[in-house]
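Dock chains B, C, D and E with the ligands against chain A, hints included.
Listed here are the chains, written in short residue letters.
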Amino acid sequence: MASEVILQVINVSKSFGGLRVLNNVNLSVKKGNIHALIGPNGAGKTTLLNIISGLEKSDNGEIVFKGKSLRRLSSYKRARIGITRTFQNLELFSDMTVIENVMAGMYFKRESGFIASGLKLRKVRKDEKDIANRSLQILDFFELSHKKDEIAKNLPIGEQRLVELARAIASEPELILLDEPAAGLNIKETKTLGILIQKIRQDMGITVLLIDHDMELVMKICDFITVLNFGEVIAEGEPIVIQKDPKVITAYLGEEF
Amino acid sequence: MTLLLQFIFSGLTTGSVYALVGIGFNIVYNSTSIINLAQGEFVVIGGLMMWFFFVGLKLPFLVSFTLTLAVAGLVGFLMERLTIRPLIKKGDLLLMIMVTIAVSILIRGLLMFKFGKDPYTYPPFTVGEPIVFLGAVISQQTLWVIGITCICIAILYLFFNKTMTGRAMKACSLDIKAARLMGINVSQIVMLSFIISAVIGAVGGIAITPISLMEYDKGAMLSVKGFCAAIMGGLGRGRGAVVGGFTLGILESLTAGYIHSGLKDAVALFIMLFILFLRPAGIFGRSEIMRLRKF
Amino acid sequence: MLVIRNLDVYYDKLYTLKKVSLHVKQGEIVTLIGSNGAGKTTLLNAISGLIRPAGGSILFNDEEILGKTPESIVKMGISQVPEGRLIFKTLTVEENLLLGAYSYYSIKRKREVKEEMEKIYKLLPVLKHRKKQLAGTLSGGEQQMLAIGRALMAKPKLLLLDEPSMGLAPTVIHEIFKYIVELKNLFRLTVLLVEQNARSALKISNRGYVIETGRIINEGSAEDLLLNRDIQRAYLGRDLDSEVKI
Amino acid sequence: MKKDNALTIFVFSLLILIFPLIYKDTYLLTIGIFIGINALVAIGLTILMGYAGQISIGQAGFYGIGAYVSAILSLYFGLPVLLSMLLAIVVACIVSIFIAIPALRLKGHYLAVATLGFGEIVYLILNEWGPGGPSGFGDIPRISLFGYTFTTSYEYFYFVWSIVIIVMIFSFNLINSMTGKALKAIHGSETASATVGINIVKLKIKVFILSAFYASMAGAIYAHYVTFLSPSSFSLFYSVMVLMMVVVGGISNLWGGVVGAFIITILPELLRGFKELDVLVYGIILTIALLFVRKGFVPLILEGYRRWLQK
Amino acid sequence: CKEPYKIGAIFSVTGAASFLGEPEKNTVLMLVEQINKAGGIKGHPIEVIVEDSKSDETQAVLAAKKLIEKDKVLAIIGPSTTGESMAIIPIVTEAKVPMISCAAGASITLPVKERYWIFKTPQYDTSAVEAIYTYMKKKGIKKVGIITISTAFGDSGRKALLELAPKFGIQVVADERYGPKDTDMTAQLAKIKASGAEAVINWSVGPGQVIVTKNWYDLKMGIPLYQSHGWGSKRNIELAGKAAEGVIAPLGRIVVWDKLPDTHPQKPILKKYVTDYMARYKSEPGTFGGHAYDALMMVVEALKNVGPDRKKIRDYIETKIKKWPGTGGIFNMSPEDHCGLDMTSFEMVIVKNGDWEILK
Ligand SMILES: Nc1ncnc2c1ncn2[C@@H]1O[C@H](COP(=O)(O)OP(=O)(O)OP(=O)(O)O)[C@@H](O)[C@H]1O
Ligand SMILES: Nc1ncnc2c1ncn2[C@@H]1O[C@H](COP(=O)(O)OP(=O)(O)OP(=O)(O)O)[C@@H](O)[C@H]1O
Ligand SMILES: [Mg+2]
Ligand SMILES: [Mg+2]
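Residue numbers (our numbering), protein chains in the order written: chain A, 67 to 323; chain B, 24 to 318; chain C, 20 to 265; chain D, 45 to 355; chain E, 177 to 536.
Calculated directly from the structure, the hints in this document are not laboratory data.
Everything numeric in this text was worked out from a predicted model, so none of it was measured.
From the three backbone atoms N, C-alpha and C, an ideal C-beta is built for every residue, glycine too.
Heads up, some of the hints might be wrong.
To be verified - A few chain E residues that face chain D, going by a derived Cβ cut-off under 10 angstroms, partial list only:
1) 218
2) 222
3) 223
4) 226
5) 227
6) 244
7) 245
8) 263
9) 266
10) 267
11) 281
12) 328
13) 432
14) 434
To be verified - With a cut-off of at most 27 angstroms between alpha-carbon atoms, the simulated BS3-like pairs for lysine-lysine come out as follows:
15) 498/E <-> 140/B
16) 319/D <-> 195/A
17) 213/E <-> 447/E
As the list claims (entries may be wrong) - Just the calculated beta-carbon pair ranges, DEER-fashion:
18) 178/E <-> 63/D: 35 to 43 angstroms
19) 135/A <-> 353/D: 41 to 49 angstroms
20) 101/B <-> 155/A: 37 to 45 angstroms
21) 178/E <-> 97/B: 49 to 57 angstroms
22) 179/E <-> 61/D: 32 to 40 angstroms
23) 316/D <-> 452/E: 21 to 29 angstroms
24) 197/C <-> 170/B: 55 to 63 angstroms
25) 97/B <-> 434/E: 40 to 48 angstroms
26) 132/A <-> 37/C: 53 to 61 angstroms
27) 146/D <-> 320/A: 46 to 54 angstroms
Bound conformation, chain A alone (with noise of 0.2 angstroms):
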């Protein structure tokens, strides 16, 4: 796989209040990897995912994207230059069915501006038409199309989660960010979206950043681990490597692993 790096974290810190949260954190994530990013409850993963999408901004250090440097750029711009995301407490548009969460994806694809809309020129017409047709091409990769037309809130857990992501993959980013995308997944369900993982960055070219407390899972498909502690970075390698770092079963893994 190339070796061109596409996400550069370099030298990022963040407080709360008088809490050090991330502490120096350098991290460089390869274009086509399955790099994931794990550690104990409270070291700071999705403080660094926040800040990487632009939700948060870090007290310094800079977050690079493609060579360039995202510090003006706020959230949606991040957006439609290529990253997306989900989230760990699942920030569905709730009352909204499947497929128009999707489509929300899509919102920044469109080519019709506000009042186009409202007067509903042919071009609105057919811009819609082509965005919902991918909304439901994505849904297919994702096995839900029959679900299309059901309220988000409705869906099982796991469902909605793989609402999210094909939510986040609508817009065609180049990173996505996904966290903790297997909780509250049973073992099978894990498993399957393993699989969809591996084909998102396989047939889609995504190159995916990912924080997950499933080990079996992280293990697995991941081609990269960073492991965070307490905001600093304590271990960085392969899956092997850090299976078997000491510093990493004490602080997280636990003997049993």
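Chains B, C, D and E with the ligands only, in chain A's frame:
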């Protein structure tokens, strides 16, 4: 100097009323997340019922006072049982707020029916000349109002931060299901909050009527100003409502004094907006909390 | 201790639980496994009184609790760690824990509450460090710990756990399970556990039930279930397991 | 627009067309005109609240700006009425941008108070500096189209309702488009909307402008129909009534604005018989309506209609 | 029983201006009963359909439409406020229905040419102001501070006060305002005190005038307080208590009817009206109830003489209401004046020992 002081006293007088209404808002907000826009009507009920018992029926002061609070509490109780309770589990805040508006119209209709449209008043709690301080005058009744306001926030502070019932109330506004899983009787607690806020509103009404008279339709204005006060100070925070209320009152009287009395409300509101734009969660509100809750 | 007979629940005229019967003896840990949407959460909510079943009976210590309010059920000693945590986001960690003790709190028992809180802090030290922090700003895992701690604060006789391991780091799961077993051994705490991670759940359990589209389809001792081939394939992810292990 | 919406609007337009032909009563027509005017304001608020999830208790402000600016331009500056109406709308839209930018940082009750504050400020300014001050001013010219001046209630009725129908069509198109989905998305989760590339601020501002557009248009029509303006028509009370219309009609459906405007406008007329007690009865009816209809009348009607179809 | 004559009435029975609409409505209901009991107009009972405009112009428009279209009334009395009157003028003019407004604004009947169908019974605000200023001139007061309520009532008073001051050699040194529901006016009064004014004039109705009086008293301003003609209700004296002592106001004779000489042409009417009203409603009709009295009686008199014809009613009122004693004064209508009253319809009255006393 005297003039400035006089303006401030005047602001304190009006501000304390806003503060009391604002506190009432906070209590209900803290247990339900809704703004009870009938809060101003409780103040009116306080003033008018006090007149009814004290002047109309010529009962002794304390008896009238107690009876008035009882009536207000009863109205709060009925309002909660009949209108809020059927809706609260659905959690549609907007609907509940609209219902409080409808109830306020209803209460106003009732009060008009009973008391007509005339203003009412009765003698101040303590008779005597107004107090002169550095040339500025402040009436004794105003001191009463301010004192009562202070006592109310002190009690409420202790209640919400030191007692389990207070905490339980806050829990109810956050997540009804979870609150029930803690063993909290949500329906009772919400009822309690309506009663307390009604009683506090009525206390305010009893205290201000000698200063500012009371008529059946004063409630809407009080609700609006109290709402502004509560928001300006930061919703849910007792001292927020008080600081908000006094700020609003003093802003109004300073504008009236130094800028233009015709625009005093406009200027005060404008400054309120400005404060909100600087501090979207109000003076004492925490933006973290704002981020964590929808309302 | 808990006996459920022929419980029926429906949402919108569709059966979610159909004639479910199960029991949990005092001092037992019983696991409920089943796929997404099988009705596990619904069952726990029915026990807690959060939803009204259409028929059947739920006996707790030989007393019918079906139809009682959640408040009174909690007071009888049943406490739940709900799905989705449902912590009070804008209250502090400490306030959340205190509210856990709401059902028996009184001035006189203040000390008891304090002691209980210390125990929770010892089990989950993170919470102690964060006690003045707003619960909603905790990390996902920390919130899960708080939800568990809060339920334990109630000093329940019967603890209902709905996916307690969600979002928790492996070491923490381990700690919590260990603690629950300890409580069971020391105080004969009874536990009904719903868990996606069925294997580790069954490991600490005495017995288990398998629920599928609202019906109990299998039950037995934990060991039996762990060894059952169908169950292994469906819920324990045996084949996945073999692929991963290197 | 979806097919059933198109059909409903078509049937509705027919009804509007024939109504004045059957009822030749200008009292009813006048009520109809006010319903139409209120409906315009309510539709704007329905989009703002029901779809974008932004509360506003300040629509009277835009309504007032539309009315006053248009009246002043045509009366004192002698501009043609249509031009002054247009300019009034432009002014209201510009004002709305200045309000929206800071206000939309706020949410929930805070946003409610900020918009309330805005509405009150407009009212107080009209009261202080508007022509005639609190007493108001009259003799505002009537609407004229291509040299033809509208004088009768018929003309105003058709004029108002044609605009309502155009506005409905535009609004339906809008909310069924991608823009509508983005609005609902913002309502659902702002964080998530941002991370899928929706420019929340810009979109919110646009809807805010749209609602100001509708409200000021309604205000301008009001001014040139009644030909007399005083600030009291643009007080907080009006904002609250519009809010009530939206909630009573049903916040989640555009028709809610129209139905709500109908109910809230006509209710006081029906209650004229109660004389003294009308406030009380009004309060009781509102309370009961809210308690029992909850989601608003439109969803209730739709539900009934669906049941009826199934039979 | 013959067919009734229908007359429409639009009053602000509720809302901000209910202080006007309430006594007006009461008056009309009482009069209708009396007239019908006395046999009506040549055997025709009269029927007055009272609509509540809720102090709102839109509602007034609807009410006017209803009265004209549905009830086909012969004439309309009211509305109570200038704004509502202005709002319905185009409608009644178009429908050619005579209207006698109960609001004071000059623009209601001016320019008379355009207000062909419109009359009004209240005195102009300017008349009340003239009465005050004339009295002040006599007392040698040169500088006044004015404080007015920010409603139409206060505003038109304010305009008149500012406009007429130079004519009387009076200087307005402070011009303050307050809202209809304000609870404290100390700040404004303190400012007036500091401005060196020799008298305060408050122009308002409702609780505001009592609060101003109390604040004026508490501040010990040391200068006299004048109120508008809205002050004429005993309740105000009761509410303000001892603070009201010494307050001066131009009031219609209706308030001090019992202190008028028996020879005064208004006295019999006032006596009957006030005593009947008090007996029935346990409160005073005040100046405002009187406006409705005058309006209705004009229509009734016209009906008596010309019968049920809108145009004839109008013509009768314009040309035949001369030296006509009403509650508000002696009316002299003419094609140039559709109001017919001037400042002589007011008396300057001071509060002494909790009662009114006419100042000479
Ligand atoms: N607004 C805040 N104020 C104070 N502390 C905060 C705030 N937000 C997060 N924290 C703290 O920062 C730490 C890091 O949180 P973060 O959500 O990044 O953890 P995480 O690694 O994602 O953990 P988990 O695996 O449990 O999800 C936590 O200890 C949390 O309590
Ligand atoms: N409020 C509701 N209204 C309608 N249907 C519901 C509701 N809650 C749950 N259901 C349905 O009831 C069924 C059982 O849901 P339940 O939440 O009990 O499943 P679960 O076994 O806990 O699943 P999970 O593993 O996803 O937590 C599901 O099909 C779900 O869609
Ligand atoms: Mg996390
Ligand atoms: Mg579940």
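When the least beta-carbon distance from residue 432/E to chain D is tested against 10 angstroms, hint result: This interface hint is violated because 29 angstroms lies over the 10 angstroms limit.
Starting from the range 49 to 57 angstroms, see whether the pair residue 178/E and residue 97/B falls in it by beta-carbon distance. holds (53 angstroms)
Evaluation of the interface hint that places residue 434/E against chain D, nearest CB under 10 angstroms: violated (30 angstroms)
Whether the CB-CB distance between residue 97/B and residue 434/E falls inside 40 to 48 angstroms: For residue 434/E against residue 97/B, whose Cβ atoms are near 44 angstroms apart, the range 40 to 48 angstroms holds.
Would the hint on residue 281/E stand, with a C-beta cut-off of 10 angstroms toward chain D? holds (6 angstroms)
For the pair residue 316/D and residue 452/E, does the Cβ-Cβ distance stay inside 21 to 29 angstroms? holds (27 angstroms)
Please verify that hint: residue 267/E, Cβ, nearest Cβ of chain D, below 10 angstroms or not. holds (9 angstroms)
Minimum beta-carbon distance criterion (10 angstroms), residue 223/E to chain D: violated (15 angstroms)
Holds or violated: the 32 to 40 angstroms window for the beta-carbon distance between residue 179/E and residue 61/D? Given range 32 to 40 angstroms: holds, Cβ gap about 38 angstroms.
Restraint outcome when residue 328/E is required to lie within 10 angstroms of chain D by C-beta distance: Check passed: Cβ of residue 328/E comes within 4 angstroms of chain D, closer than 10 angstroms.
Tell me if the beta carbons of residue 178/E and residue 63/D are separated by a distance inside 35 to 43 angstroms. With Cβ atoms ~37 angstroms apart, the hint holds.
Given hint residue 227/E near chain D, where the shortest CB pair must fall under 10 angstroms: holds (6 angstroms)
This entry does not satisfy hints 1, 2, 3, 13, 14, 15, 16 and 19, going by the numbered hints stated previously.
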